[in-house]
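Enquirer: Sequence:
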Amino acid sequence: MSSRIAANVALAALFFARKTRASGLFSENVRMRARTASRQRRLTRFLLTARNATLRDTTQANEERLSRERGETAREKNAP
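Reading the sequence shown from the start, the letters are residues 1 to 80 in my numbering.
Heads up, a few of these hints could be off.
[Said to hold, decoys possible] With beta-carbon atoms standing in for the labels, derived distance ranges: (1) L11 - S38: 27 to 35 Å; (2) N8 - V30: 14 to 22 Å; (3) R33 - A7: 27 to 35 Å; (4) R31 - N52: 25 to 33 Å.
Since the hints were derived computationally from the structure, they do not count as laboratory data.
Since this is a predicted model, take the numbers as computed values, not measurements.
Even for Gly, the Cβ is constructed at its ideal location relative to N, Cα and C.
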């Protein structure tokens, strides 16, 4: 799951990539900066969503495993 998400993130990063160098007139630079800022906002939002999805998947699986382990331990401790 996480490798598939990582591949999707890599592809999206190419789409959202921001240019670091712009040439031309001042007005073109202003438009380029606005476009760059827009791309950066979209990329940030996308990466946060992807990271949270990955984190949620791994956290839920880990919590289920830990709760099962804790539940068995608690029963053994409370047994007469």
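Enquirer: Checking against the hints above, which ones are violated?
Expert: As far as the earlier hints go, 1 and 2 are violated by this structure, in ascending order.
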